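Chemist: Can you make the complete structure from the sequences, with help from the hints?
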Amino acid sequence: MALSKDEVLKVGALSRIRLTDDEVERFAGQLSSILDYVDKLNELDTSGVEPLAHALPLHNVLREDEPRPGLDPQKAVGGAPESAGGFFRVPRVIDDGSSA
Amino acid sequence: MATIDLTACRMRDALRARNLSAVEAAGACLEAIDRLNPGIRAFLSTDAQGARRRAEEIDKRLDAGEDVGLLAGVPVAVKDNMCTDDGQPTSCASRILENWRAPYNAHVVERLLEEGAVIVGKTNMDEFAMGSSTENSGFEATRNPWDLDRVPGGSSGGSAAAVSARMVPMALGSDTGGSIRQPAALCGVVGLKPTYGRVSRYGLVAFASSLDQIGPFGRTVEDAALLLQATAGHDPRDSTSVPEADQPVPDYLAALDEPVAPLRIGVPKEFFGEGLDAEVEKIVRDALAVYAGLGAELVNIDLPHSTDYAIATYYIVATSEASSNLARYDGVHYGHRSSDHADMIDMYMRSREEGFGDEVKRRIMLGTYALSAGYYDAYYKKALQVRRLIRQDFDRAFEKVDCIMGPTSPTAAFRQGEKTDDPLTMYLSDVYTASCNLAAIAGVSIPCGFTEAGLPVGLQILSGVFTEERLLRIARMYERETDWPSRAPPVCGEAP
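Top to bottom, those sequences are chains Y and D. Each residue of the first sequence is one higher than the last, beginning at 1 in the numbering used here. Each residue of the second sequence is one higher than the last, beginning at 101 in the numbering used here.
Simulated from the structure, these hints should not be mistaken for lab results. Values in this document were obtained by computation on a predicted structure and should not be read as measured data. Do not rely on the hints blindly, as some may be mistaken.
Below 30 Å or equal to it, Euclidean Cα-Cα: the simulated DSSO-like pairs (lysine-lysine) are [said to hold, decoys possible]:
hint, chain 1, residue 1, chain 2, residue 2
1, Y, K5, Y, K40
2, Y, K40, D, K160
3, D, K369, D, K382
4, Y, K10, D, K369
5, D, K519, Y, K5
6, Y, K40, D, K519
7, D, K369, D, K160
8, Y, K10, D, K519
9, Y, K40, D, K369
10, D, K519, D, K382
11, D, K382, D, K500
12, D, K500, D, K369
13, Y, K10, Y, K40
14, D, K500, Y, K5
15, Y, K40, D, K481
16, D, K382, D, K481
Modeler: Shown next, in the form of structure tokens:
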């Protein structure tokens, strides 16, 4: 299955990865050949086969809701590119209305 | 015998007998790293000062007659995707986490410290464990100690090369589709992927959560057993970690030398098909003959979905899970943020563009595509259905046989740069290893000989869930008959 450049750009946007023109070109070819390989799976009749997301049985794991120490907030934000007062700092997300 | 030539178990004996101090053991490893790492580049960081300080403390406790634990004074290396709060970075060999320092220790790191190990450094890997050659490291490629022009395998290539070149007696790696077993094979060491749930992944940076598992590297089966013993067991902080009541951790060392008899070995024809190098095939068949000579019965079996179909399944399941797990690298919580951005979304997109390497971008995009509207059923759901067929193949096989054997990798170590332009060719390096993770079973690679060119070849042994104790005994049966672990790569030379 061949991926067009537009599709690669769309997947890049969904993945939140900015792509150069070179990368779009290269990834289109590489992702297409990987998807061609994956198409092998269509040789198999899987009608009626229950999907297996996890190979061992998973159970909900519950514990008593008791207070206990967590990660110190200063430590938790310590690896962030920008922080202030124990919070993560991000670029402005909400328009302040002045340009409206 | 020089200190670095001691296996972990013999080093541990010498430490307990006080014929060797922890300071001497750490010093010998740090000296070997100084001498060999510039050529091999197995380590991304070392902590010489911290290791010496810790070794001194362990020596004091050993001198006082204290029980310092299973690994008292033994130096260990840790793959750089496991969190350490010792001041060393935890980078996953990614620019996006360059210089990031974890605020806590991974469960396995806590266990190593509780058992008295001395952590000397963090090892190189393919970025976020995505790759089979350690060439995808965001920093530098690790070299194969047996031939510096060749790859060590991956993604745990740094750990495999460090143990192979005797810079440390043992190391931890992680295995999502073969990332412990394949580099173990290419570097001529023992590498074990335990059953899913046997070792806690708390503090392991997530790649594909339904597949990731931490496991040991050692030069001998005994050393792998020792490191598994130290790290296996329940941890409530990883909800997939199996409770002791359901699966108690056995003593992996107690009966290691007892052969498994009778032993029925499944030999799948799919593991000896097209693509397998003739020299590798001969060496692996010779290893099977050794087992036959010990009285084992070789049984031809079929694993119809466990090679090509497993790779196709793996690259949908693993990339889908990765596309979600790696969403957290957004320029906000950890690591790199682009200095140049117009708004929030642009900041995400530029930070990820600048921070991730090509293979990580490809896999995130492939997974995003497989999960996107309109393609979910065709790719993700289909892959999960085939995953069940793979699991059923193994269930049927293990009704007839005790274990399954074949080559770990279709070729010995390939040349640096040989497969970097063609991701699909690189993916096929894991053609015999990926099915084990999809089925959640246990697998080990042990050295079983060398090619004419002097490159190591690995024998892969797979066995059912939570049968590591028997698996290690089966591996040990072969090791006792041969002597591959005594060979050191020529680069090691004579230790001063």
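Chemist: Each hint: holds or not?
Modeler: Hints versus structure:
Our distance criterion of 30 Å between C-alpha atoms is met by K5 (chain Y) and K40 (chain Y), whose separation comes to about 23 Å. For a cut-off of 30 Å, the pair hint linking K40 (chain Y) to K160 (chain D) is broken: about 60 Å separates their Cα positions. The hinted pair formed by K369 (chain D) and K382 (chain D) meets the criterion: a straight-line CA distance of about 14 Å does not exceed 30 Å. Distance check on the hinted pair: K10 (chain Y) and K369 (chain D) sit about 42 Å apart at the alpha-carbon level, beyond 30 Å; violated.
Straight-line distance between C-alpha atoms of K519 (chain D) and K5 (chain Y) comes to about 24 Å, which keeps the hinted pair within the 30 Å bound. Note on K40 (chain Y) and K519 (chain D): the hinted pairing holds, with a Cα-Cα distance of about 22 Å set against a maximum of 30 Å. Note on K369 (chain D) and K160 (chain D): the hinted pairing is violated, with a Cα-Cα distance of about 55 Å set against a maximum of 30 Å. For the given pair, K10 (chain Y) sits about 28 Å from K519 (chain D) by alpha-carbon distance, which is consistent with the 30 Å threshold.
For a cut-off of 30 Å, the pair hint linking K40 (chain Y) to K369 (chain D) stands: about 19 Å separates their Cα positions. Between K519 (chain D) and K382 (chain D) the CA atoms are separated by roughly 24 Å; this keeps the pair inside 30 Å, and the hint holds. Note on K382 (chain D) and K500 (chain D): the hinted pairing holds, with a Cα-Cα distance of about 25 Å set against a maximum of 30 Å. Simply put, K500 (chain D) and K369 (chain D) have alpha-carbon atoms about 15 Å apart, close enough for the 30 Å limit, and the pair holds.
The hinted pair formed by K10 (chain Y) and K40 (chain Y) meets the criterion: a straight-line CA distance of about 25 Å does not exceed 30 Å. Note on K500 (chain D) and K5 (chain Y): the hinted pairing is violated, with a Cα-Cα distance of about 50 Å set against a maximum of 30 Å. Between K40 (chain Y) and K481 (chain D) the CA atoms are separated by roughly 14 Å; this keeps the pair inside 30 Å, and the hint holds. Of the supplied pair hints, the one linking K382 (chain D) and K481 (chain D) is violated, its CA atoms being roughly 39 Å apart against a limit of 30 Å.
Going down the numbered hints, you'll see the structure goes against 2, 4, 7, 14, 16, while the others check out.
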